[in-house]
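From first to last, the protein sequence lines stand for chains A and B.
Residue numbering for the first sequence follows the numbering used here, beginning at 87 and increasing consecutively.
Residue numbering for the second sequence follows the numbering used here, beginning at 87 and increasing consecutively.
Identical copies look the same in the list; a pair holds intra-copy or inter-copy alike.
Distance condition first, Cα-Cα at most 16 Å in a straight line; then the derived EDC-like pairs of lysine to aspartate or glutamate: (1) Lys93 to Asp185; (2) Lys157 to Glu211; (3) Lys98 to Glu208; (4) Lys157 to Glu133; (5) Lys98 to Asp209; (6) Lys93 to Glu208; (7) Lys157 to Glu190; (8) Lys176 to Glu212; (9) Lys176 to Glu190; (10) Lys157 to Asp209; (11) Lys157 to Glu212; (12) Lys176 to Glu211; (13) Lys176 to Asp209; (14) Lys157 to Glu208; (15) Lys176 to Glu208.
Hints in this document: simulated from the structure, not taken from any laboratory.
Keep in mind that this is a model prediction, so the values were computed, not measured.
2 protein chains.
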Amino acid sequence: MSLINSKLIQEKGLTPYQFPNPKESLPEIVIPNAIPDDERVWVPQSEQVWFRPLCLNASHGYWTNLLRVRKSGVLSCHRHPMGVHGYVIKGRWQYLEHDWVATEGSYVFEPPGDTHTLYVPEDVEEMITFFQGNGVMYYLDPRFHTTKV
Amino acid sequence: MSLINSKLIQEKGLTPYQFPNPKESLPEIVIPNAIPDDERVWVPQSEQVWFRPLCLNASHGYWTNLLRVRKSGVLSCHRHPMGVHGYVIKGRWQYLEHDWVATEGSYVFEPPGDTHTLYVPEDVEEMITFFQGNGVMYYLDPRFHTTKV
Chain A
87 MSLINSKLIQ
97 EKGLTPYQFP
107 NPKESLPEIV
117 IPNAIPDDER
127 VWVPQSEQVW
137 FRPLCLNASH
147 GYWTNLLRVR
157 KSGVLSCHRH
167 PMGVHGYVIK
177 GRWQYLEHDW
187 VATEGSYVFE
197 PPGDTHTLYV
207 PEDVEEMITF
217 FQGNGVMYYL
227 DPRFHTTKV
Chain B
87 MSLINSKLIQ
97 EKGLTPYQFP
107 NPKESLPEIV
117 IPNAIPDDER
127 VWVPQSEQVW
137 FRPLCLNASH
147 GYWTNLLRVR
157 KSGVLSCHRH
167 PMGVHGYVIK
177 GRWQYLEHDW
187 VATEGSYVFE
197 PPGDTHTLYV
207 PEDVEEMITF
217 FQGNGVMYYL
227 DPRFHTTKV
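Pulled out of the complex, with its shape left as it was, chain A reads as follows (with noise of 0.2 Å):
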């Protein structure tokens, strides 16, 4: 417990969880200022597309990250085999396959199954959304089911 936490709870007449956490528990996961000031962070995907990887468990497959597109930039068609979460901190984007826009300050919930191609117009500097996803991005040809191959 920290110096101001028990400052904090003593002021307040807070009571903390008094037992510890299970030994088998994973630590926590903190990062201020996800988006990052050091541009090495972020990793490039494509022409005008980055990745800022945050989180990805290695026995369950589950992920979040900061997508960073800018004018003109493609995420090319891929599939989630499981639902996608993503909220929209700066910017907005399509998807081709959809007739809606991700303004910012939005919520999207992609369902399992569902394969898209994500574009920011030309008129959008910079689209920064974050996601938490289940598993891989399936990237595939658009013109073939490739889920037959």
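For this one, chain A is given, so just place chain B on it according to the hints.
Chain B only, in chain A's frame:
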């Protein structure tokens, strides 16, 4: 396919996925302005604490919401059976049980089994955090090993 997208596809030479999604697919969820203008959309949980539900999966138990807490608000002691991911949209908060502070723009991963009490300091007018979690919010008395009940 919308008219907007058809135009985009034609002008940019982009190819969307050519096949329909599986017929069993759920629809996507798109919520513009996840932080609502209508105050009634915020569900009060306790004094100075509100949830704004975004997604709840009835068969698997995953969910997303926004949590809003105003100064001195406490989200009482609870445990998560599975991991929780958070992105701090506004303000800042801390857990009594941990010595870090979740600041605006931070990413936080809470591991399965973590038991904690969320507190928003008096100098924070309002904090809003996007959470993606899995399974129940297991509220408990901080002084009992309720897992043994």
